[in-house]
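Visitor: So you can see what is in the structure, the chains are spelled out below.
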Amino acid sequence: MSNAMRISAPKTATRGEVIELKTLIQHDMESGYRLDSRGEVVPRKILEKFECFYNGEIIFQADFQRGIAANPFLTFYTKATESGTLRFKYTEETGKTFEESVEITVS
Amino acid sequence: MKYLAFGIGLVLSACGDSQTTRDAPAPMPLKSGTEFLTLETQALQADTFANPAMLWVDRGQTLFTKPVDMGMGIEKACADCHSETTRPLTQSAAHFPKLDEKSGALVNLEEQINLCRIRYQNTTALDYESQDLLALTAYTAHQSNGQAISVNATPKTQKNFENGKDYFFTKRGQMNFSCAQCHDENWGKKLRGDTISQGHGNGFPAYRLEWETIGSLHRRFADCDRGVRAQPLELGSETYTDLELYLAVRGNGLDIETPAIRR
Amino acid sequence: MSRFLRRDIIKLSAVLGVSATLPLNVSATTSAMQDAMTELFGKLPETSDQIQIEIPPISENGYSVLVDIMVDSPMTDTDYVKRIALFSERNPVPLLSVYTLSPRSGRAHITNRVRLGGTQSVHGIAEMSDGRLITASAKTLVTLAACVVL
Chain A
1 MSNAMRISAP KTATRGEVIE LKTLIQHDME SGYRLDSRGE VVPRKILEKF
51 ECFYNGEIIF QADFQRGIAA NPFLTFYTKA TESGTLRFKY TEETGKTFEE
101 SVEITVS
Chain B
108 MKYLAFGIGL VLSACGDSQT TRDAPAPMPL KSGTEFLTLE TQALQADTFA
158 NPAMLWVDRG QTLFTKPVDM GMGIEKACAD CHSETTRPLT QSAAHFPKLD
208 EKSGALVNLE EQINLCRIRY QNTTALDYES QDLLALTAYT AHQSNGQAIS
258 VNATPKTQKN FENGKDYFFT KRGQMNFSCA QCHDENWGKK LRGDTISQGH
308 GNGFPAYRLE WETIGSLHRR FADCDRGVRA QPLELGSETY TDLELYLAVR
358 GNGLDIETPA IRR
Chain C
371 MSRFLRRDII KLSAVLGVSA TLPLNVSATT SAMQDAMTEL FGKLPETSDQ
421 IQIEIPPISE NGYSVLVDIM VDSPMTDTDY VKRIALFSER NPVPLLSVYT
471 LSPRSGRAHI TNRVRLGGTQ SVHGIAEMSD GRLITASAKT LVTLAACVVL
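Protein chains in written order, with my numbering: chain A, 1 to 107; chain B, 108 to 370; chain C, 371 to 520.
Looking at chain A on its own, in the form it has when it is part of the complex (with noise of 0.2 Å):
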């Protein structure tokens, strides 16, 4: 079963309106650090980026590195421009890929 993933973002906007969206998806973002019972360091694996697109067109980054916190809560800001879709692709540092789409509706 894929990542569990929660997008908070409005369905409605007027034109220009500046819209928070609010992600959080499941992952353990294992540091590295952590030993396991028989004393090995588990292996590092974390979301490496964490990418949004509206329609297509990339507006927000962010790139994480492993002090981020276990299933990562993130929010930003977006103008809203048009109707449409808005993406939310987290990358982990293996090239596997978690992707959620919402619409949006903006008059």
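Hint data in this document are derived by calculation from the structure and do not stem from the laboratory.
There are no misleading hints in this set.
Below are the EDC-like pairs computed for lysine to aspartate or glutamate, each with C-alpha atoms no more than 16 Å apart in a straight line:
1. Lys-22(A) <-> Asp-438(C)
2. Lys-452(C) <-> Asp-63(A)
3. Lys-45(A) <-> Glu-93(A)
4. Lys-22(A) <-> Asp-154(B)
5. Lys-49(A) <-> Glu-93(A)
6. Lys-79(A) <-> Asp-447(C)
7. Lys-297(B) <-> Glu-142(B)
8. Lys-22(A) <-> Glu-100(A)
9. Lys-22(A) <-> Glu-51(A)
10. Lys-452(C) <-> Asp-500(C)
11. Lys-413(C) <-> Asp-500(C)
Got chain A; can you put chains B and C on it based on the hints?
Guide: Below, chains B and C without anything else, positioned relative to chain A:
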């Protein structure tokens, strides 16, 4: 005369004994673990979007509505039996642990979910503390949010209750502490930077900041045991479920808060 | 500190030593953070109240601390925040994250949950469109659980 007094004394003490075995003296006033968190953590718990444990409730909802292959071309999801009108789960978590009539065993919510899977979905049980079982338990218990815990020891679960109560009052580990010493006698006092809570289970499965993930009440018990340097029991063990029963009776009246955030 | 190995931190401070020039009034323990800042931006920032960092004064647990960063900027095509970076004074890896914004952002306001290995200040740097680098910091007291399971 003194024999009469002695006799009365004997009878009275016997009555007292049978009363205390069903007694779960609750700390007064009854306070949920939420009240011992910082304001920021309380706010995070109340935030229906940002509470990280909700990620598992979401996952649980997906699993709850996902049809399970029963074989012979039949598929059944939990939602097929449990809807808002038929066998609703809006009260369920408030009444666990309880007796499973068929097997005669005491079961908690996790174990009940597995019993349902085996008996009604013709599939295998989920491993205790597995992501799927945690998700399903969190989702199910979340339906009972706001319901007051209402659990009592019955004659058939009397032994379990006594076993759980016994565990609660027994000193254990290198530090030789019983649950009661911290959570009955010293709740509200400081232990290093922490304020000791009353040790209720009304918010579980809960997201523990220390774990950076969601976990069951049994996992918390195991950490408590390790905390006093005692040997923890296996997650899913009968004794831990018995302890859950004792805690539930002791915490009667507290609202279910799953999924809570705890330290 | 169960998550961060103490010996890694000791090793790190032994390797880095003290920086030759310290424009900011800092101790040797934050030199690793300054190195990370210079590595990312090429120069050290100047303190400004145009950028504000908010963090709870007491953090219940170092594994999950909410940091709130806000930069006072009109976010127009000619005057906006290009990047914001978060740094930790004490973590083994000082750089926590980098956020890339644009005039489309509308508002330079970000919140993110971070891990902090002990009581410290978190520093935020904003890179403005005119090349200015401004910084602010906020301190939090990280408390440990009573029964630490080792």
